[in-house]
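Given these sequences and hints, build the entire structure.
Protein sequence lines correspond, in order, to chains R and H. Heads up, the first sequence is in this note's numbering, so the first residue is 1 and it goes up one at a time. Heads up, the second sequence is in this note's numbering, so the first residue is 1 and it goes up one at a time.
For the record, the hints were derived by calculation from the structure and aren't laboratory data. A hint or two may mislead.
Pairs involving identical chains hold if they fit within one copy or between any two copies, as the list cannot separate such chains.
Claimed, not checked - With a straight-line Cα cutoff of 30 Å, these simulated DSSO-like cross-link-like pairs (lysine-lysine) come out: (1) Lys205 - Lys84; (2) Lys47 - Lys219; (3) Lys205 - Lys47; (4) Lys56 - Lys223; (5) Lys205 - Lys154; (6) Lys84 - Lys219; (7) Lys154 - Lys219; (8) Lys56 - Lys224; (9) Lys219 - Lys56; (10) Lys205 - Lys223; (11) Lys223 - Lys84; (12) Lys224 - Lys84; (13) Lys56 - Lys154.
There are 2 protein chains.
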Amino acid sequence: MNFSLTVLGSNAAIPANNRNLSAHLLNANERFFLIDCGEGTQFQLRKYHLSMQRIKHIFISHLHGDHFFGLIGLLHSMHLLGRKEELHVYGPAMLDEILHLQMEASQTVLNYPYHFHPLRMDHYDLVLEQERITVHSFPLHHRIPTCGFVFREKNPPRRVPAARSYAYCSDTGYCEQVIPYIQEVSLLYHEATFMQNLAAVAADKFHSTAIEAATIATKARVKKLLLGHFSARYEDVGPLLEEARSVFPETYPAEEGIPIDIG
Amino acid sequence: MNFSLTVLGSNAAIPANNRNLSAHLLNANERFFLIDCGEGTQFQLRKYHLSMQRIKHIFISHLHGDHFFGLIGLLHSMHLLGRKEELHVYGPAMLDEILHLQMEASQTVLNYPYHFHPLRMDHYDLVLEQERITVHSFPLHHRIPTCGFVFREKNPPRRVPAARSYAYCSDTGYCEQVIPYIQEVSLLYHEATFMQNLAAVAADKFHSTAIEAATIATKARVKKLLLGHFSARYEDVGPLLEEARSVFPETYPAEEGIPIDIG
Numbered sequence: 001m002n003f004s005l006t007v008l009g010s011n012a013a014i015p016a017n018n019r020n021l022s023a024h025l026l027n028a029n030e031r032f033f034l035i036d037c038g039e040g041t042q043f044q045l046r047k048y049h050l051s052m053q054r055i056k057h058i059f060i061s062h063l064h065g066d067h068f069f070g071l072i073g074l075l076h077s078m079h080l081l082g083r084k085e086e087l088h089v090y091g092p093a094m095l096d097e098i099l100h101l102q103m104e105a106s107q108t109v110l111n112y113p114y115h116f117h118p119l120r121m122d123h124y125d126l127v128l129e130q131e132r133i134t135v136h137s138f139p140l141h142h143r144i145p146t147c148g149f150v151f152r153e154k155n156p157p158r159r160v161p162a163a164r165s166y167a168y169c170s171d172t173g174y175c176e177q178v179i180p181y182i183q184e185v186s187l188l189y190h191e192a193t194f195m196q197n198l199a200a201v202a203a204d205k206f207h208s209t210a211i212e213a214a215t216i217a218t219k220a221r222v223k224k225l226l227l228g229h230f231s232a233r234y235e236d237v238g239p240l241l242e243e244a245r246s247v248f249p250e251t252y253p254a255e256e257g258i259p260i261d262i263g
Numbered sequence: 001m002n003f004s005l006t007v008l009g010s011n012a013a014i015p016a017n018n019r020n021l022s023a024h025l026l027n028a029n030e031r032f033f034l035i036d037c038g039e040g041t042q043f044q045l046r047k048y049h050l051s052m053q054r055i056k057h058i059f060i061s062h063l064h065g066d067h068f069f070g071l072i073g074l075l076h077s078m079h080l081l082g083r084k085e086e087l088h089v090y091g092p093a094m095l096d097e098i099l100h101l102q103m104e105a106s107q108t109v110l111n112y113p114y115h116f117h118p119l120r121m122d123h124y125d126l127v128l129e130q131e132r133i134t135v136h137s138f139p140l141h142h143r144i145p146t147c148g149f150v151f152r153e154k155n156p157p158r159r160v161p162a163a164r165s166y167a168y169c170s171d172t173g174y175c176e177q178v179i180p181y182i183q184e185v186s187l188l189y190h191e192a193t194f195m196q197n198l199a200a201v202a203a204d205k206f207h208s209t210a211i212e213a214a215t216i217a218t219k220a221r222v223k224k225l226l227l228g229h230f231s232a233r234y235e236d237v238g239p240l241l242e243e244a245r246s247v248f249p250e251t252y253p254a255e256e257g258i259p260i261d262i263g
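Okay, structure coming up:
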């Protein structure tokens, strides 16, 4: 049974070096969850032949543009392409206001039921529970209120030995407070905007270095670490990967469009 | 001296058939004017090596998403890439509210002076006058308030025999009222969403057929006609072109990224 992640964007702030803006698609037993939605996410879904209409739940970690400017266009395209099935969006309360103002301006009434769920940004919270999965949000350490998310299988399908899990740590400075929430996940995505020589810049901008991401992975005893949200200054992300692997060997770089089996 | 247009997006409503969403870049003697800004416009500028920082004026025709969802991301990228020069945005009044709400959400204070100019949507109006160019807006016939724009050279440079001009008729049903405003322009861009067999659908959706666009071009005695805003149902736009040419032979299809010399 499928439990896999496809990264759609891996660059920080601006599109560069053929890398796009933050968006992750989790396939949990053919249920599709989109996490963050930078500008152009709908193009990336199309490019990799991933159906936007199969996405039922969208989680937005915070309101920096590189994490949500693609959402309004995606909602409109779902509408224009005839969606009828309901869609749930989870994000900071102000996101609903932003989406509604743009729908009002274009006099768009979505064809499909759209439900907005404001996140409680300041503590660990259960945001979704289904038969086979739970999704929790938890606070990160960023310039504006920002959540991470953790997806945990509840009743793993037969032939899968253990419940699988995926944690998404979007923009954040080094933050040991997240460790209890992401403890022992199968795959941890953690942002790694900078190399270690720019640790002071990272701290100042509430971002992490690759080594800091790897340190969190080690302390949380996760199985694998995925790095992304790379600064545009790094055309080649190999050196970030090397730094992280010096601390946590099971580290991999986000590669757009290539599904990762979470085992 | 350069007076040229680069189309960055030519599809209606959704990106499809390798065509992007509406955006035109006019180079008038090395002054750059962006007209409409669908999602992904910043990617298109980058793809065709066109500097976003050289754009000083942006005109938004109306608030359907395929014409402006890329603007907020472009303004942010200009900021993140260190722009200092002022930027002028012209559009429906509500656009300013939409942009400000998103900047407030991300706590972004732009590094560069940003001036918003609300358009008067209901009549012909001078919106910009410089030493060498005037820009007027004029009402189109669409479901929500929508403007066309006409750019006219005032004092053509030496060695250019006559003042050149470019008119942009964004989304509109067939509308003879625009003819006085676009009379004899060097290049008319007119939307051509549908073929003639869908004329009733076009009228119902406040869009035009290719033949209607060509009829306007003929009646306004323009020199050349450029078609775009093609419905996603047309993978090949050859048949739309053929229909238009049966009425107005000097018709060309929008081809993204290829500059058109307006002579």
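So, going through the hints one by one against the coordinates:
1. For a Cα distance limit of 30 Å, the shortest separation of Lys205 from Lys84 across copies, 21 Å, qualifies, whereas the shortest one inside one copy, 41 Å, does not.
2. For a Cα distance limit of 30 Å, the shortest separation of Lys47 from Lys219 qualifies neither inside one copy, at 37 Å, nor across copies, at 42 Å.
3. Taking CA atoms no more than 30 Å apart as the test, Lys205 paired with Lys47 passes between copies only; the shortest distance there is 29 Å, against 32 Å inside one copy.
4. Taking CA atoms no more than 30 Å apart as the test, Lys56 paired with Lys223 passes inside one copy only; the shortest distance there is 28 Å, against 50 Å between copies.
5. Taking the shortest Cα distances, Lys205 and Lys154 never come within 30 Å of each other, neither inside one copy (36 Å) nor across copies (48 Å).
6. Within a single copy, Lys84 and Lys219 get their C-alpha atoms no closer than 44 Å, and across copies no closer than 43 Å, so neither meets the 30 Å cut-off.
7. For the homomeric pair Lys154 and Lys219, the shortest alpha-carbon distance inside one copy (24 Å) is at most 30 Å, but the shortest distance between copies (68 Å) is not.
8. In this homomeric assembly, Lys56 and Lys224 come within 30 Å of each other (Cα to Cα) only inside a single copy, at 26 Å, whereas the closest approach across copies is 47 Å.
9. Taking CA atoms no more than 30 Å apart as the test, Lys219 paired with Lys56 passes in neither setting, with 33 Å inside one copy and 50 Å between copies.
10. Taking the shortest alpha-carbon separations for Lys205 and Lys223, only the intra-copy value of 28 Å comes in at or below 30 Å, while the best inter-copy value is 54 Å.
11. When the C-alpha separation of Lys223 and Lys84 is checked against a cutoff of 30 Å, the pair qualifies neither within a copy, at 38 Å, nor between copies, at 46 Å.
12. In this assembly of identical chains, Lys224 and Lys84 lie within 30 Å of each other by CA distance neither inside one copy nor across copies; the values are 37 Å within and 42 Å between.
13. When the C-alpha separation of Lys56 and Lys154 is checked against a cutoff of 30 Å, the pair qualifies only within one copy, where the shortest distance is 19 Å, while the shortest distance between copies is 54 Å.
In summary, the structure is inconsistent with hints 2, 5, 6, 9, 11 and 12 from the numbered list given earlier, while agreeing with the others.
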